[in-house]
Structure formats: structure tokens, C-alpha cells
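For the record, the sequence lines run as chains P and R. Each number in this note's numbering corresponds to the 1-based position in the first sequence with 25 added. Each number in this note's numbering corresponds to the 1-based position in the second sequence with 25 added.
It is worth saying that the hints were derived from the structure and are not from the lab. Note that the structure is a prediction, hence the values are computed from the model and not measured. There's no promise every hint is true.
Identical copies go unnamed one by one, so any copy, or any two together, can satisfy a pair.
Capping the alpha-carbon separation at 27 Å, the derived lysine-lysine pairs in DSSO-like fashion look like this [to be verified]:
1. LYS273 x LYS183
2. LYS247 x LYS223
3. LYS207 x LYS53
4. LYS42 x LYS303
5. LYS106 x LYS302
6. LYS207 x LYS223
7. LYS106 x LYS273
8. LYS77 x LYS302
2 protein chains.
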Amino acid sequence: MLEKIILDGNLVANDIKEGLKERVVQLKSQGITPCLATVLVGNDPSSATYVKMKGNACARLGIDSRRIHLPETTTTEELIKTINDLNDDETVHGILLQHPVPSQIDERAAFEEISLDKDVDGVTSWGYGQTALGFGVYPSCTPAAILKIMEYYNIETKGKHAVVVGRSPILGKPVSALLLNKNATVTTCHSYTENLPKLVEQADIVIAAVGKPSFIKGDWLKTGAIVLDAGYNPGNIGDVEYESCFEKASAITPVPGGVGPVTISMLLKHTVDSAEKKLAQFV
Amino acid sequence: MLEKIILDGNLVANDIKEGLKERVVQLKSQGITPCLATVLVGNDPSSATYVKMKGNACARLGIDSRRIHLPETTTTEELIKTINDLNDDETVHGILLQHPVPSQIDERAAFEEISLDKDVDGVTSWGYGQTALGFGVYPSCTPAAILKIMEYYNIETKGKHAVVVGRSPILGKPVSALLLNKNATVTTCHSYTENLPKLVEQADIVIAAVGKPSFIKGDWLKTGAIVLDAGYNPGNIGDVEYESCFEKASAITPVPGGVGPVTISMLLKHTVDSAEKKLAQFV
Chain P
26 MLEKIILDGN LVANDIKEGL KERVVQLKSQ GITPCLATVL VGNDPSSATY
76 VKMKGNACAR LGIDSRRIHL PETTTTEELI KTINDLNDDE TVHGILLQHP
126 VPSQIDERAA FEEISLDKDV DGVTSWGYGQ TALGFGVYPS CTPAAILKIM
176 EYYNIETKGK HAVVVGRSPI LGKPVSALLL NKNATVTTCH SYTENLPKLV
226 EQADIVIAAV GKPSFIKGDW LKTGAIVLDA GYNPGNIGDV EYESCFEKAS
276 AITPVPGGVG PVTISMLLKH TVDSAEKKLA QFV
Chain R
26 MLEKIILDGN LVANDIKEGL KERVVQLKSQ GITPCLATVL VGNDPSSATY
76 VKMKGNACAR LGIDSRRIHL PETTTTEELI KTINDLNDDE TVHGILLQHP
126 VPSQIDERAA FEEISLDKDV DGVTSWGYGQ TALGFGVYPS CTPAAILKIM
176 EYYNIETKGK HAVVVGRSPI LGKPVSALLL NKNATVTTCH SYTENLPKLV
226 EQADIVIAAV GKPSFIKGDW LKTGAIVLDA GYNPGNIGDV EYESCFEKAS
276 AITPVPGGVG PVTISMLLKH TVDSAEKKLA QFV
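Pulled out of the complex, with its shape left as it was, chain P reads as follows (with noise of 0.2 Å):
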């Protein structure tokens, strides 16, 4: 029988911040207090649930946090002159725009107008393309994570046929483009694929970023497939049903703490890269 092995989010996650840990210390002895704002506009409960934990991610381990919260009748007006004004700001190293925003707001063009090098989330076309062409600085966080969980777990990508279910601009598609990037065959799938069963049951490495509870069986998996599952739906509940899953894979992220766990370190991680880089620009 295979080895089956879990791929566990917080072991990774701990280890992205102990390697975080000093590089704060040295930033604070040099007068740089790292710093992530992050912009919340409205009301939606889970969204302020995920910025206070990021707030609360940032605390623990000495990053600042600057927290917006912008009302539920915000314009795309306001929002950007909020954004440009953080962009501005030398004291602010990454900018995070919760997603989503009430309907009213251009999203795209709110996340357009983030800075490059404030871009920490990953968010910008700008960003987006120089990922995929191979020298972004910083990826979105989730597809980062997922390549991150392979990195560690030493998981071969080279030659590999990963089957991404997905398309989203800060999922799907970036992670489609890293794992390229990283040599292997890369088949994006979405809500016109036909067939789709057949497709994942080809797939060395399947990454579930469909945004649907429970949405891929274990009997669509090739034995012995690699799973990692970006999926977070209410109830805790992945976009991979689990228990099946579980049984015909080889090594497989649980939800929570598989890949939720790691985005969030990922974050962390830029945030901190931008204020090395800020210091740079000093020296």
C-alpha cells in the first residue's frame, strides 16, 4: 500500500513565520516596522472575519497592521483615493483588498490602482503577468501557498500533469500559470469543461480551486493523485470531499488547516519582502 501523507497547512505555515521572526527583528532595529493595510469595505461577516485574523497574524508576529473599514455605500471613487492615498504612504508595505466588494464598486479597477510594490496580495493584472511570465514578485497568496505545500513536502512538479478545477484571477489561473512555470503539463478546467471526471483522473496533482463544498469525488482520482484543495466553504468544508478523496490519494491537504493556513504566512511573507525592499531603497 502507498504511504498516504497529509499535507499539514500548519507546519508550513510555522514554518514561513519562524523564518519571518528575525528578518522583523532586523527591520525594527533599522527603524522599519513592517506594515500591511488592509481595506475592508462593508458589512459581509465572513470578510471581516478573514481581516482580523490577517490583523491578527500581522500582531503576532510584530508586523504592523493597519486596519480600514469603509461603508457599505463606499463609491469605486472613494475606494480608490483611499488606496492611492495608502500607496502613497512610505509607512505602508503591502496593501490587501478584501475581497469582495459591495456591487456597487469597479472591483477590478480598485485593485488596478494598488501599487506594484504594495501589491503583497497579488491582486494586480501587472502582477498577475509578471508571474506568469516567470519573474513576479509577488504571487497571490493562495496559488503561492499551493506551490509553497509542494516545496516542502519535496512534491515533483517537472513533467507532472496537474489538473487545476478553476479559473478565478487569484486562484485558478496563477496557480495554473505557476505550475507551469515549475515544468508541468497544465490542464485548467472550469464550469464549460465537458467531461471534467475524465480530465482529473488523468492528474498527477489535482489543485480544487472551484469554490464548491465537496464538489470533487474520490473516484474521479487517478490512485496514488495529489491533492491540495484551495476550497473554504461555509461549515469548514473544502472543494474536495474528503473522505473519499482521501482514500484513493497518495497525499491530500485537509480543510481547515491544509492550504487556508499557509495563504495567510504567504502574506506575511510579502509584507515583510516589501519592507526589505523599502529599506533597500534607504542604504
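Once you have looked at the hints, place chain R on chain P.
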């Protein structure tokens, strides 16, 4: 027996150019002559030929071309200076830096310097990112040509499985992105892909973008597959083995006379688009 269609690029190119003629006349009547600047560095004879072809195609439509030829010994800094001058020149609407440049030059750095609004050849990472996220203005010309040919011949992409062989920044990657945005399921293959024939065999649509003469064989194809060959190797040979692929395919581009002429037409179209945008700023 299936009807077999030769996807005639000259027909598509002529259709595009017919549509541009009146637009060029209109622009000129308002005092603007669309202008494409071509930058050729060094003495590569193929590159010189390509640049000349593009200049001639401009001339036939009444589009100005500004041909800049820099010596083989040009540095990255000198090339960037030239590009910046063209960025600043209000009479220039598009900039094409002919690939490849001599090896001492950082080609990517030079591409990145081109203003987004003059990047009519779709080489910048920012333009690539916008294209991949679905709101790009000037996608790379060869990928745009491939999509245009499919549109002209009413080839459905939604739900179809497209297999792209190649992953270059101006061909394999952007054509994968465009097909994904047109609701195809997309598999991107490359030199590390294992069992390529088995993947190609699943394709409803095959995009050959690998740069190896007669690389893709007819017996790899599913009967009735649609084959678009972006290859153009010495001796006018494409990336697909034409005779054997012709037998299996339901539709196929010839080489020459397939993707090539449409690519040049897309470059002209983007230059005219850019000139019209410039005019709109004045009005």
C-alpha cells in the same frame, strides 16, 4: 466523410485589412496618420525580412512605419533609450521590437519598457496580464490571429478541449489564456510534457506553437480535430506534419498562408486602434 476545411489565412487577413482601409482614411482626414515604429537590432537576416514585410504591409494600407535599425553592438541601455524616445513621440502609435535581439541585451527589460498604450505587439507583462484576466487591449499578434481565424470560420471554443503545444511568452502562454477566456478547457504542453501524443489525441483544437518543423504528427490527432499551426520554420515549414495532419483533421491552417498573414494584419489593426484612441483623447 467529414468535410475538410483549409483555414485560409489570406482570406482572413484581407478581411481585416479591408476593414482597416476606411478607418485609416478617416484618421488621416482628421490629421492623424497611424504610425508603427519598428526596432530592429543587429543583422539577423530573418528578422530584417520580417521587419521589412511589416513595413510593406503598413505602406499598402497607408500606415506610416518608422524603421529604426540599431547596430549589433547596441547595449540594453541604448535600446531602452530608443524605446523611451518612441514612447514620448506623439506621432508614434505602436512600437514593435523585433525578436530576437543580440545576446548582450536584456530583451525582457527592453520589452517591459514599451508603454502599455503603444504595446501593439503584446509583449509587455502588463499587457499579458490584462489579456489573461480578460480585459487586454492588444494581445500578442499571433495568438490574436489564431483566435481571429477561429472566429472567421465559426469554430466553437466553448467547452472544447484545446491542447497548446508550446509555452513562450508571446505565443503559447497568451494563446492558452485567450482560449481559456473563450471557455475552452486548455492544456498547455512543453518540452517536459510526458506522453505528448496521448494528450494531443484528446484535443478538439490543437495549437502548434513549439518552433520545431513537422513536429506534430497526424497519427497523434483525434479524427476531426481542428489544427492551427503557428510554426514557421526554415523552408516555410510549420510545426505540424501537414500531409498526415491534413488526413486526420477536419480543419487545418496551411503554412505558409495560414496564421502568418493574419498575424501581420492584427499588428496593423492594433496600430490603427491605438491611433484612434489617440484621436479620441484630442476630441
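How the hints compare with the structure:
no., hint, result
1, LYS273 x LYS183, "within (22 Å within a copy, 31 Å between copies)"
2, LYS247 x LYS223, "both (10 Å within a copy, 16 Å between copies)"
3, LYS207 x LYS53, "neither (35 Å within a copy, 49 Å between copies)"
4, LYS42 x LYS303, "within (20 Å within a copy, 49 Å between copies)"
5, LYS106 x LYS302, "both (25 Å within a copy, 26 Å between copies)"
6, LYS207 x LYS223, "both (24 Å within a copy, 21 Å between copies)"
7, LYS106 x LYS273, "neither (50 Å within a copy, 57 Å between copies)"
8, LYS77 x LYS302, "within (26 Å within a copy, 44 Å between copies)"
Consistency note: the structure conflicts with the earlier hints numbered 3, 7.
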